[in-house]
Structures are given as C-alpha cells and as structure tokens.
Amino acid sequence: MISEKKISYISLIGIFFIAIFSEYFDEPYLITLLSRIIIFSIAAIGLNLVLGFGNLVSFGHAAFFGLGGYVSGILAIHAFNSELLISWPFLFSGSNNSIIIWLFTILFCSLLALLVGAFSLRTSGVYFIMITLAFAQMLYYFAISWPSYGGEDGFSIYVRSTLFGINTMKGLNFFFICFFWLLIILFITGKVVNSPFGLALRATRLNLTRVKSVGINPFRIQLMAFVLSGAITGIAGSLYVDLNRFVSPSLLSWQMSGEFIVFILIGGLGRIYGPLIGAAFFVAFEQFFGSYTEHWQIFLGIIIISTVLFAKGGIIGFILEYKKNE
Amino acid sequence: MNKILKIVNLKKNFGAITASNDINFCLETGEIHALIGPNGAGKSTLIKQIMGEIKQDSGEIVLSGINISNFKTEDRIHLGFARSFQITDVILDFTILQNVLLAKIGKQKKYYNFYSSIESSEFSSEEIKSILLKIDLWDKKETPASLLSHGERRQLEIGIALALDPQLILLDEPMAGLSLDKIEKMKFIFNQIKNEVPILLIEHNMDVVFSIANRISVLVNGKIIASGTSSEIKTNLDVRKAYLGTA
Numbered sequence: 056m057i058s059e060k061k062i063s064y065i066s067l068i069g070i071f072f073i074a075i076f077s078e079y080f081d082e083p084y085l086i087t088l089l090s091r092i093i094i095f096s097i098a099a100i101g102l103n104l105v106l107g108f109g110n111l112v113s114f115g116h117a118a119f120f121g122l123g124g125y126v127s128g129i130l131a132i133h134a135f136n137s138e139l140l141i142s143w144p145f146l147f148s149g150s151n152n153s154i155i156i157w158l159f160t161i162l163f164c165s166l167l168a169l170l171v172g173a174f175s176l177r178t179s180g181v182y183f184i185m186i187t188l189a190f191a192q193m194l195y196y197f198a199i200s201w202p203s204y205g206g207e208d209g210f211s212i213y214v215r216s217t218l219f220g221i222n223t224m225k226g227l228n229f230f231f232i233c234f235f236w237l238l239i240i241l242f243i244t245g246k247v248v249n250s251p252f253g254l255a256l257r258a259t260r261l262n263l264t265r266v267k268s269v270g271i272n273p274f275r276i277q278l279m280a281f282v283l284s285g286a287i288t289g290i291a292g293s294l295y296v297d298l299n300r301f302v303s304p305s306l307l308s309w310q311m312s313g314e315f316i317v318f319i320l321i322g323g324l325g326r327i328y329g330p331l332i333g334a335a336f337f338v339a340f341e342q343f344f345g346s347y348t349e350h351w352q353i354f355l356g357i358i359i360i361s362t363v364l365f366a367k368g369g370i371i372g373f374i375l376e377y378k379k380n381e
Numbered sequence: 048m049n050k051i052l053k054i055v056n057l058k059k060n061f062g063a064i065t066a067s068n069d070i071n072f073c074l075e076t077g078e079i080h081a082l083i084g085p086n087g088a089g090k091s092t093l094i095k096q097i098m099g100e101i102k103q104d105s106g107e108i109v110l111s112g113i114n115i116s117n118f119k120t121e122d123r124i125h126l127g128f129a130r131s132f133q134i135t136d137v138i139l140d141f142t143i144l145q146n147v148l149l150a151k152i153g154k155q156k157k158y159y160n161f162y163s164s165i166e167s168s169e170f171s172s173e174e175i176k177s178i179l180l181k182i183d184l185w186d187k188k189e190t191p192a193s194l195l196s197h198g199e200r201r202q203l204e205i206g207i208a209l210a211l212d213p214q215l216i217l218l219d220e221p222m223a224g225l226s227l228d229k230i231e232k233m234k235f236i237f238n239q240i241k242n243e244v245p246i247l248l249i250e251h252n253m254d255v256v257f258s259i260a261n262r263i264s265v266l267v268n269g270k271i272i273a274s275g276t277s278s279e280i281k282t283n284l285d286v287r288k289a290y291l292g293t294a
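Protein chains in written order, with this note's numbering: chain R, 56 to 381; chain L, 48 to 294.
Careful, some of the hints might be misleading.
[Stated by the list, open to error] Chain R residues, not near chain L, derived (Cβ > 10 Å throughout):
1. Glu59
2. Trp201
3. Phe252
4. Ile271
5. Met279
6. Gly313
7. Asn380
[To be verified] Below, a list of computed lysine-lysine pairs in the DSS-like style, where the Cα atoms sit at most 27 Å apart:
8. L:Lys154 to R:Lys267
9. L:Lys188 to R:Lys60
10. L:Lys187 to R:Lys60
Keep in mind the hints are simulated off the structure, nothing from the lab. No residue lacks a Cβ here, since even glycine has one placed at the ideal position from N, Cα and C.
Bound conformation, chain L alone (with noise of 0.2 Å):
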C-alpha cells in the first residue's frame, strides 16, 4: 500500500480553542478512509487545511512524498487534490456535459484555448465518457445541471471530481439528504472508483461509513482517539465512550 496523503503532527489553535491537537494520519492507495466524530471535533478545521484554505500551527501535509504544507489551494488542486463540498457547488446553468468538461479543461490548463471548440473530438474524448459512465450520468449529459434532482447533482460532483484526474478525492457529507436508494447507487459509484482513487470521506451516516469504509478515523476535541477498521472501531472502548455515547 502507497501512502497518498500523510499528515504528520499537525496542529492548530484558534485562541485557547485547539482545533487539531498533534494529529496523525494517511489515506493509501485504494481505500476509502472515513474521517468521523461529533459536531465541533475539528473535522471541517483539519479538511480546511489539507485542502490549504487555513493555515496549520505546525506539522506537515505530505502528497505523495511532497511536502505541501505551504501550498496555496490552487497549487494543491492542480496537485491533484479533488474535493467535493459540504453544500451542492454545480454550475446550474450549465449542462452535466459542460460541467465536467470546465474541470477537465482546469485540470489540463486549456483555460487559454481561445480557438477550439468545446464540442470537438480534443474535449469530449473517451475519458469523459467514462467518466460520465461512471456516475452513471451519460444518458442525461446534456440536461442542465438545475433541473437534475439532489441526488444526481452530488453524482455530478463526483464526476467532475474524477475528471480533474485527482490523486485523491475529499468527500464532505457526500450523503447528506439523500433518499435510500441513492445512497445504495453512491455507496456503489464510491466502491468503483477506489481503486483508480483513493478517498477521504467526511460522513454522519454511521450505516454508511461501516459498510463502504476500509478504515476509520475518530476525531473528538481536535485529537485522533482511534484508527482502524470498521469492526476494530465497533468495539474500540474508547471511542464507544466518546463519541457513540454508549459506555
């Protein structure tokens, strides 16, 4: 197993509030990796930093056996960092199509491509297909993102997650207000693509984390309590007490 994100010692106060208290951890090639705990354990702090939007205190990111702790979030993302956000973020005027297309077009800087057309054969190449496959999306490429429902906007999100050709993928509440059927698609998207991609999932769907997750990560006060797999942190004292509740 390659380690793909490393995160060493980091640490992070606001005021006399510490947020990540000297947390380790990784994500490795192929796995999900879910990232839990109770409301103000500094889950969205430590995201804010792997993805570079707030600073650490001290500690290092490491990408792939680079050190990114200093780097900005778009030098990160063309890294290959891919994140998918808390709140649907799709360009709604935009059809599925077009939406993956401007993040493929990111990801290869093509941005200064004043002359081709996006319809040619350059941009909606196999890869996109495949990716649109993928979240099983291609039937309806070109339907305007606003008239998608709920769940197939988050589908969407992953797509053009996939197609900044990550190296990794963060996914925030990916299944927050979903219906039960779509979760079952998402759980089975999230499972197809693992194994090109590694993911960090943040979730408060406890059902869910221990059915697709490969190992788990409990966070409570800023701190990693426990680290393992779904079985292992089932019946982890420790985290029991803490964060289910039950002693």
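Isolated chain R, as found in the complex (with noise of 0.2 Å):
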C-alpha cells in the first residue's frame, strides 16, 4: 500500500542520492538543477501554506521571493564591496554571513507579508488574487527603475554567502544546504498544519461563518498564515540568488509568482511534499523538452490542464487514487 508519506520520502531520499551520485560522476549541473528543484520547492511550499490550507489565492508570492532575493543580494554586495549600507545610527556595511543574512529575509519578508495580508485578506475571492498582483507588480516595477542595484539588469554578487567555514562554492555543499533548509521547512510546514493553528486555517477554506461562530477570528489566522508563507518564500528567493550569485527584477515578476502556482497543482494542491513533486517535474520537464524544443511550454499546458481536468489532486493524488483502484 502507498501512502503520501511513503511518496514524500521516496522523493526525499531520491533526490539526495541523486545529488551524491551526480558528484560522483561529476556532473555538476546535475547538482545545480537539483538546487533549483529544492529552492522553488521550498518557495511553493510557503505558498501551499496559504494556497492549499487557506484557499488563499496569492498570486503575488514573486514580492517575497523577491524581496528575499533583493535583501541577500544587497547585503552580500555591500559586504563584497565594503560599501556602507547604511551610516546612521551605526556603521553597517551588509554581511555575507549566511546566518545573518537569513535573519534579514526573514524580518523584511514577515513584515511585507504583513503588510501585504493587512490590506489583501480584507479582500477575497478574484480582489484577493489582483490586490497580491498589484503588490507584486509594484515591487517589480520599483526594482526595475532602482539604478543604485542594477535596474532592469540587476546585479552579480560574485561569491556566495558563508555558512559555518563551509565551502558554498561547492555545488555539492550548497546543495546540502538548500536540502537542509528544505527539511526544516518541511517540518515546520507538517507540524503547523496538524497543530491546533492549522486546524483553524483547514476551516477557514471550508465554512468561514462555523470559523467565526465558534469564536475564532479568521483574519487573524489567516494573516499569521500569510506572514509565514511569505517568510518561507523568503528563504527561497534569498538560496536562489546564492546560487545564481545574481539578483534580477524576474524574481519578482509575476511569471514567477504563476510558476508557484503551477508547482503545486501539478504536485497536489493542500499536500504538504506536493510542491516538492510538482516542482521536481516542473524542472525535468523543462530539461527534457526544453533540449528539443524552446515552446516546450506548448506541452506544459497540456500537462496542466490534464491535471485539472483529470487530476485533481496532482501528481500524488493520482498516484494514490491508481494504486487505490489497482
């Protein structure tokens, strides 16, 4: 019997040996892909959180993995250039200390998140989708006409961010950082949905008056919900431009925001490894098509409207309904 558990690991374990295997047989662009994979994953993930728990359609998440990328990028190049970031009241000259640089994503990505979800939860239904558009389009737009960090060209970062002495440089290493990162995300992800918290935010997407009439306050839950979304899209966007060791306004672009969207439909909407599946695909499909043809994305669509026609719950609701009836 196969169960969503037993995917997840599946696809865990997968991934990381195929990681060692590539090292081994030096490939490694394998390694990079596989980097890409886990980062957009990570990224869909604090999506899904909102997306697939809350029904919250956020078609604006490209703001924070963004801003993720932006704040690691700027601090990573004032560190490089010895430039000062800010003079007053202190001396601060960025860092590229990878710890200190997280803390950063995490504490502007909380707080545009916040003020984000403030104005757009007010909102539901299409409003809800065009208002985190229109916040992520700003973004974008601002980014674009911001000289001092490159505008419409962005920038290089040269060298990616330390961690602990660790090499980053090396493919391999930087991999088992982003897979790092995507475990805890991963727990942090399961253990809020089954909490008491995640109970609330299951029932916000279901019956919004039992929510209220049992005396629980469905914004507030769902902005809490959206700020941790955010942060954890955060943390995507600030790997990715590590490894890329290059910030460019597409971060923030709404194609962006759309291929989250698509990650965790192919992979399984309200699943908690489903962006992790649908990312997974999304980049192997992009390779292998991609090598013969530049509109692979012509095949893309039919993949996705198959799955919202004829699987409803992605990749892994499929796979558990065929085995069901096997």
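Relying on the hints, combine the two individually framed chains into one complex.
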C-alpha cells in the first residue's frame, strides 16, 4: 500500500542520492538543477500554506521571493565591496554571513507579508488575486527603476555567502544547505498544518461562518499564515540568489508567482509534499522538452490542463488514486 | 434556580414595524425554555439581538449578572453563548472529531498554538470523549461530516455547541426535517444535557415543545403574551386565540 508519506520519503531520498551520484560522476550541472528544484519547492511550500490549506490564491508570492533575493543580494554586494549600506545610527556595510542574511530575509519578508496580508485579506476571491498581484507588480517596477541596484539588468554578487566555514562555492555543499532548509521547512509546515492553528486555518478555507461562531477570528488566522508563508518563500528567494550569484527583477515578475502556483497544482494542492513533487516535475520537464524545442511550454500547458481536468489531486493524488483502484 | 440569561424591556423597531415590543424573559439553570410563535412574530430578531448580530434600540441583555447589551457576537461567544444554526452548518470536509476539536480550540483560545499536534492527548481528552458519547457519535468520530445523515449532523451541531463549554445553548429549530425516531433521539440528548447547560429552544414542532420544554414563552407580534409550563400554555386563552387558532 503506497501512502502520501511513502511518496514523500522516496522523493526526498531520491533527490539526495541523485545529488551524491552526480558528484561522483562529476555532473555539477545536475547538482545545480537539484538545488533549483529544492529552492523552487521551498518557495511553493510557502505559497501552499496559504493557497492549499487556506484557499487564499495569492498571485503575488514573487514579491516575497524577490524581496528575499534583493535583501540577500544587497547585503552580500555591500559586504563584497566593503561599501556602507547605512551610516546612521550605526555603520553597517552588509554581510556575507548566511545566518545574518537569512535573519534579515525573514524579518523583511515577514513585514512585507504583514503589510500585504493586512490589506489583501480584507478582500476575497478575484479581488484577493488582483491585489496580491498588484503588490508584487509594484515591487517589480520599483526594482526595474532602481539604478543603484542594476535596474532592469540586476546585479551579480560574485561569491556565495558563507556558513560555518563551509565552502559554499562547491555545488554539492550548497545543495546540502538547500536540502537542509527543505527539511526544516517541511518539518515546520507539517507541524503547523496539524496544529490547532492549522486546523483553524483549514477551517477558514471551508466554512467562515462556522469558524466565527466558535469564537475564532478568521482574519487573524489568515494573516498569521500569510506572514509565515511570506517568510518561507523569502528564504527560497535568498537561496535562489545565492545559487545563481545573481539578482534580477525577474525574481519579482508575475510569471514567477504563476510558476509557484503551477508547482502546487501539478504536485498536489494542499499536500505538504505537493510542491516538491511539482517543482521536480516542472524542472525535469523543462530540461527534457526544453532541449528539443524552445516552445516546451506548449507541452506544459497540456500537462496543466490535464491535471486540472483529470487529476485534481495533482501527481500525488493521481498515484494514490491509481494505487487504490489497483 | 439561577437566572443565566435575563432580558429586560428589550425593544427593536425596523422603521414602522415593531419587531421586539418590550420583551422580558429569562432562562434558568437546568431548564429547557421554548420560545414559540407564528411566523413573523419576531423570534429571529430576538435571537439575533441575543447573539449580538443586531443591536436593540433599548433594553438590556444580562448574562449571569453581566450586562452584555453592547457586546459583540465574538465576545458573547467567549462568555458562553453557543448557538446551533437553522441551516446545518458543520464543516463537511472535517471529521466529527475535528469539528468538535475546532470548537474546543476556539473556546480555549488555542488557535495560536503552532506546534502541538491535534492528535496529541492534550486535545483528544476525556472531555471530548464525553461530549461525543453524549451526542452518541463516539463510534463514528473519524467519519467526515459529509458522510453523515441529516440527523447525525444535527447531533454533531449539539456536540460543537457543548465543546464551547457554554453557559447556555440556543437551538434554532433543531428538529426541522428530522424523522420521528431521530426526533426521539434528539429529545433524549436534550434532556440529558439540560442539567449541565440550559437550553433556549426555538421550535415549530408543538409536540416536541410540549413534551420537553420546562417552560414556554409565546411571542406574538413582537410581544410575549404568555409564559409558563406546557399545561399553562395549552390552557391559556390568549395563546389559543392568537397562536393555536382556536378560541
């Protein structure tokens, strides 16, 4: 009998060993791909918390991904050039310490999520989609017109940030860092979803009147979930910038938000491991079909349509259903 | 007898229409108090004022000595109001246990707990078990509410209300659409729980009202025209004239 847990563990262990083998057979490109899969899935896990469990279709999660990226990139580039970032009330010229970068990322992305959530959660349905998109687009156009940090071209950060003296420039080491983050994030979301808070969040998705009638304020529950979600997606942005050693406004683009939603839909909406499966599928698909034609997204479109029509539970749901009928 | 809920000189007008005309009435410990009246008598308006969903023009609502006339619905719920809706309103995708747990979490303000598992002993306590036993759904606790029959959903509603550890329960037509044996079951459940928490019952089924209510108040045109035991109400002339239709 195959369960959701089994699929999840198999995929985690699979990714881990593919990375080890890639190192052994000297395929650094494959390791980079795996790191990308992991980073994308962290971003989508963040989104899934509100989209899958709270039914809040945020079409602006690129804002958190991009902000995480920019915060990390700006801290790193200032540290690299020994340029002052702020001169008052104390002197601060960025940092290339991963821990500090991550703390700043979490702080800024949580604050942004608090702001965006406080406004957008007063609406619902299509209005919620549009207002989250609007916030992300605002940041996108701001980034494009911000010459100090490369404007439309973005900027390079040359070296990855450092963590406990690990050589992060080595692909496999950086993969381990990403993998470790993935485990943390999966653990946290697993905990949260099964906690009393998670139960309340899942209830807001299903029946608002009932939630209110047992004395729970749905707005606050949704806002907390949104903040947590934004912080998680922000961490992914930070890792992504470190992986590519490059920051660009495209991190903030609406296509990015759309891709996160696609990962979730393909993998399985409202399933903790859904985004991981979805992102892995997406990246592998892009690599495979992308090598034949630059119009590979046509095939992706077919996949998305079939998922929505025939496999509403995404890949995970499809496997579980198939095994049940066997 | 302790007065749990006291309503004093409650008035509410909608333009020229008087929905609540100087209503006085109380709910005491250990009783089922039925509120009856023909359609349009102002029952719903009265319940909405009690729940704080609409505000009275004048008068007072007192819960266990606290004047809650100006409290919001949310605060009233936290103080101990539990209400079962006219339209069955359980969360269909949740199991029976999850539905009751959600209410418990709301009541105990545990909804900012991000770390404990809802399956842990902290939440699946004896208390939850005793509630599920009372509503006779313990054996089905892992069943999603969507698979329950109409009557079982009603039972679940009562369970949710009990999980809120209320001072009183408001039941809005709990017997509507139930089969005869389900009605008997509900009557049994109500008689069991009324000693723990008094019940304010709005119900159209007169047989039910006369068989389980300890006291009955009759609301006609926004005014309570009679209040008493079932035999008193049955023999009250005003009631017969205005409500039961036989003079």
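Going down the list of hints, with the structure as the test:
1. A cut-off of 10 Å between C-beta atoms confirms that Glu59 of chain R is not in contact with chain L; the least separation is 16 Å.
2. Against the 10 Å criterion, Trp201 of chain R stays outside the reach of chain L, whose nearest CB is about 36 Å from its own CB.
3. A Cβ of chain L approaches the Cβ of Phe252 of chain R within 10 Å, the least distance being about 5 Å, so the stated non-interface status is violated.
4. The beta carbon of Ile271 of chain R sits about 4 Å from the closest Cβ of chain L, which is not more than 10 Å, so the claim that it is off the interface is violated.
5. The Cβ of Met279 of chain R does not lie farther than 10 Å from every Cβ of chain L; its closest approach is about 7 Å, which violates its non-interface assignment.
6. Under the 10 Å C-beta cut-off, the non-interface status given to Gly313 of chain R relative to chain L holds; the minimum distance is some 27 Å.
7. Separation of Asn380 of chain R from chain L is adequate, the least Cβ-Cβ distance of about 20 Å exceeding the 10 Å criterion.
8. Restraint check for Lys154 of chain L and Lys267 of chain R: the C-alpha separation of about 11 Å stays at or below 27 Å, so the hint holds.
9. Proposed proximity of Lys188 of chain L and Lys60 of chain R is supported: the alpha carbons are some 23 Å apart, at most 27 Å.
10. Proposed proximity of Lys187 of chain L and Lys60 of chain R is supported: the alpha carbons are some 25 Å apart, at most 27 Å.
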